[in-house]
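Trainee: What the sequence shown shows, in the working numbering, is residues 297 to 736, in sequence order.
Hint data in this document are derived by calculation from the structure and do not stem from the laboratory. Remember, it's a predicted structure, so these values are computed and weren't measured experimentally. Cβ coordinates follow ideal geometry from the N, Cα and C atoms, glycine included. Please note that the accuracy of each hint is not assured.
Said to hold, decoys possible - With a straight-line cut-off of 16 Å between C-alpha atoms, the simulated EDC-like cross-links for lysine to aspartate or glutamate are:
hint	residue 1	residue 2
1	Lys660	Glu650
2	Lys515	Glu549
3	Lys660	Glu593
4	Lys704	Glu679
5	Lys660	Glu679
6	Lys704	Glu406
7	Lys709	Glu679
8	Lys301	Asp320
9	Lys301	Glu357
10	Lys301	Glu354
11	Lys704	Glu714
12	Lys704	Asp396
13	Lys344	Asp382
To be verified - Here are the computed distance ranges between Cβ atoms for each label pair:
hint	residue 1	residue 2	range
14	Pro458	Glu351	31 to 37 Å
15	Leu535	Arg636	32 to 38 Å
16	Glu657	Glu406	34 to 40 Å
17	Pro408	Ala505	53 to 59 Å
18	Ser309	Ser452	15 to 21 Å
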Amino acid sequence: MDQGKTLELSIESLGAGGDGVARDRGQVCFVPGAAPGDRLRARPLQSKGSWLRAEILEILEPGPGRVEPPCPLAGRCGGCQWQHLDLELQREAKRDILTDNLSRLGGQAELPPVALEGGAGLGYRRRAELQGFHTPEAVEMGFLAAGSHEMIAHESCPLLDPSLDAAAAELRAHLAGCSPQLFRFTAEMTLLEDGALQLLLRAEDRACAELLPALESWKPGGPDRVHWTLRALDRRRSLREAPDAPFLLERMEARAAGADLSWELLTRPGDFVQVNPAMNRRLVQAVLDAAAPAEGEWILDLYSGSGNLSLPLALAGARVLGVEGGRGAVRSARASARSRGLGRARFRSASVEEVLPALVEEGKRYGTVVLDPPRGGAPALAEALAPLGVGRIVAVSCHPGTLARDLKAWTEKGFRLESLRMLDFFPQTHHLETLAVLVR
């Protein structure tokens, strides 16, 4: 590849990884920071036969959807890829990425219309994991650069809920000077229902002893407003755990079969939490509508986390078995169920890959399976569908590629894709959340 070569490219679309996509003499060109309709001059960085990756040298003519990013670190910080794009253009691009994956990789010749839901484009995150670096003079906190271990320090992030953004700034200021050492740390921060903060701080082992008194003296907003845990960065040692009782993440409400449902969603440090509360409420309602739980029927909830979907399904009358590998999350789910007297919601702390064959061997039957897996999807589910008697799949996915793979496996087992809904949980990024409903 000629390192001094430059290309003039016209950006046609956006790819699944967030890059602009162009073509040059038969090669597909991926250009970070590009917008559809851009005409630009770019320098190749990496070439792999049928494709190459390039960086923008000059925008000759901006595309119609290009906007001024709200953050001065856009393009450097890896937390966002699409701040330079109009919000509606972002959502249309995500819908195109979803349908392309399901058609091309998932073998879906005909797709139902994709219902698209979105909310606020900024200030939506109630949770963030920040990287930190402490020196005797100052503390820097931020996110990693795209595809790198370099931390991009920032004073503020427009994606964070303003209260969470302020708490991060207060923590940064409070930790400054707490130690004469240089050390790295991560701060996982979650806003709770009452405005309090849950903080899980992981630091290099040699600095933990000095961090203890610093955290004990941090009381923004008064006593008991920060529930903090301190662990070693290698996760092998815990120096201080928050009280064992889980904390109230959110009071939830939904409707099912004409009845109003309400419950409390509890959380512990390290539990998976949907970062966008407004969109999560829409997701919960959409799952209830799609599953349509009947009184007393058994529903299997895979990758159930702390009960985000299990609890409302049980409140609506179903008997639910939630399966989750994280022990802390299962403890939180059980506590939430106990707080509402929900004996119909049961949870197993084990991997889905272990539990599915065991359920088949036990002769269990579940008419509906609900699942919200991590990015790797649910490849183990297909072989268990027939022996478990599953007739409906309500699948939440954060990765269109693995969803496409799973849909292909499920439709080969006789299921039909009934509906698709895309929920924009992550504005300003290429990430998307999908709800797919399949029936047999």
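Trainee: Indicate, hint by hint, whether the structure satisfies it.
Mentor: Against the structure, the hints come out as follows:
Using a Cα cut-off of 16 Å, the hinted pair Lys660 and Glu650 holds, with the two alpha carbons roughly 15 Å apart. About 31 Å separates the Cα atoms of Lys515 and Glu549, which puts this hinted pair outside 16 Å; it is violated. As the CA atoms of Lys660 and Glu593 are separated by approximately 12 Å, the hinted pair is consistent with the 16 Å bound. About 13 Å separates the Cα atoms of Lys704 and Glu679, which keeps this hinted pair within 16 Å; it holds.
Under the criterion of a C-alpha separation no larger than 16 Å, the hint pairing Lys660 with Glu679 is consistent with the structure, at around 14 Å. The straight-line distance between the Cα atoms of Lys704 and Glu406 is roughly 13 Å, inside the 16 Å bound, and the hint therefore holds. The straight-line distance between the Cα atoms of Lys709 and Glu679 is roughly 8 Å, inside the 16 Å bound, and the hint therefore holds. About 13 Å separates the Cα atoms of Lys301 and Asp320, which keeps this hinted pair within 16 Å; it holds.
Between Lys301 and Glu357 the CA atoms are separated by roughly 20 Å; this puts the pair beyond 16 Å, and the hint is violated. Of the pairs offered as hints, the one joining Lys301 and Glu354 holds, with about 14 Å between alpha carbons and a cut-off of 16 Å not exceeded. Taken as a hint, the Lys704 and Glu714 pair is honoured in the structure, with Cα atoms around 14 Å apart against an allowance of 16 Å. At most 16 Å may separate the alpha-carbon atoms for a hinted pair to count; Lys704 and Asp396 meet this at roughly 14 Å.
Distance hint between Lys344 and Asp382 is unfulfilled; the C-alpha atoms sit about 31 Å from each other, more than 16 Å. A hinted range of 31 to 37 Å for the beta carbons of Pro458 and Glu351 is consistent with their spacing of about 33 Å. A hinted range of 32 to 38 Å for the beta carbons of Leu535 and Arg636 is consistent with their spacing of about 34 Å. For the hinted restraint 34 to 40 Å between Glu657 and Glu406, the CB-CB distance of approximately 37 Å keeps it satisfied.
A beta carbon spacing of about 58 Å between Pro408 and Ala505 agrees with the range 53 to 59 Å that was offered as a hint. Between Ser309 and Ser452 the C-beta distance comes to about 32 Å, which lies outside the given range of 15 to 21 Å.
In summary, the structure is inconsistent with hints 2, 9, 13, 18 from the numbered list given earlier, while agreeing with the others.
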